[in-house]
Amino acid sequence: MSLAVLGASLAVVAAVVPGYRAAAQDETVRRGPGVTAVQRLSEWFPGIGGTGGDTDVYVLDSGKPGATALVLGGTHGNEPAGYLTAILIVEHAVPTAGRLLVVPHANRSSLTHTDYQEASPRTLEFQGASGRRAFRYGSRATNPTDQWPDPDIYVHAASGQQLSGAETRNLNRAYPGRPDGTLTERIAFAIVSLIRAEKVALVIDLHEASPEYPVVNAIVAHERAMPVASVAVLNLEFDDITIGLEPSPKNLRGLSHRELGDATGALALLCETSNVSQGRLRGATDARQVVEGTDDKYLRAAGLGRLAVPFDEHGWPIKQRVGRHVATVMAILAAFTSTNPGTPISVSGLPSYAELMAKGLEPFL
Amino acid sequence: MTVVYRGIVAVAIVLVVAEIFSQRSLKLKINAGLVLVPLVLRALMIG
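Those protein sequences? They're chains A and B, same order as listed. Add 92 to a position in the first sequence, counting from 1, and you land on the number used in the working numbering. Add 1036 to a position in the second sequence, counting from 1, and you land on the number used in the working numbering.
Because the hints were derived from the structure by calculation, they are not lab data. Take the hints with a grain of salt, since some may be wrong.
Facing chain A, according to a computed beta carbon distance under 8 Å, are these residues of chain B, among others [said to hold, decoys possible]: (1) L1051; (2) F1057; (3) G1069; (4) L1072; (5) I1082.
What the simulated footprint calls covered on chain B by chain A, stretch by stretch (three residues with Cβ under 8 Å from a Cβ of chain A suffice, anywhere in the stretch; the number is not a length) [to be verified]: (6) 1041–1050; (7) 1061–1068; (8) 1074–1081.
Backbone N, C-alpha and C define an ideal beta-carbon position, used for all residues, glycine too.
Pulled out of the complex, with its shape left as it was, chain A reads as follows (with noise of 0.2 Å):
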């Protein structure tokens, strides 16, 4: 009977070891028409080689003069449409001036496990034009098997800044990053790496944040890049497209558009959607709430005026909030361009929010 309770037990662990395997399995990014290099973020930093950490950068030079700008997406592996925004513009984009670099999962250890006690679904799928595409829900953090234990407290090194030990893996309160610290730490220092050796100009880091936060469909920009930023919304508000602009603060430390502007030369900004499948206050769980973006509860949120962003029936679906985000990364790129014509960055070949919005992602895939 021992033997047959410890065969029992075993077999479990054989029935669920695929799934989580499954999980540290990257998901296929093709290589668009644009991309004329694939290299390691490892290659400019080789402490995170052969880690959880170590992730694709995607380099689309358009052989022209021009600045450099960085996409970041996945910085958080809970929040898709930045990832997803950041694998379309591999995808699809052709750059016609300067030169986009893009790191699709700039935690990509977070991609490989969720969050405890949130229901999180594992993966979304879509039925694309190129068949059936599926992407990793992830986590907001560092996977706890790559970085462990957590402190009591997180003492941000560069500043002494104290948060929650949980806040040691996440790679927005990371920042500058430090060669010989936690792995989160050495990815940070690894892209802060990038932009140095790469005279990175401009950095976009993608996000998503749940209705109720109210930095929200909302740019935060470093001082330095505020009349970047400034002119990108402008744009953005006259293409129907409303969003705010938000400054970066100056005491809260360890995020990307305070300290990678701080750090380097870049115009370092962020960009958050809103997700309903992050906020506290929304019902179940499940693949359908992240991709449509619906949510009962957050219906009865907004009616009782709790939100940060406008919400009704229809909800924030996936379309719209990476539609977003490729209009802003867009009118970004145009801004900095219209601000420092001697080195521009330009791109063709993204589909448009309108298109987006009318078609969906799943053309695009």
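For this one, chain A is given, so just place chain B on it according to the hints.
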């Protein structure tokens, strides 16, 4: 640190497996078997 972690898990696995074989109550054998599952997953660094 990971070596220490896996070492602790390995010790716990040995103790739990010993419990499966030494325990006379079927209910407690099954109980130990259930405890074993997440321990083995942790030893494999899956989670």
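Outcome of the hint check:
| no. | hint | in the structure |
| --- | --- | --- |
| 1 | L1051 | 14 Å, violated |
| 2 | F1057 | 5 Å, holds |
| 3 | G1069 | 4 Å, holds |
| 4 | L1072 | 4 Å, holds |
| 5 | I1082 | 4 Å, holds |
| 6 | 1041–1050 | violated (count 1) |
| 7 | 1061–1068 | holds (count 4) |
| 8 | 1074–1081 | holds (count 4) |
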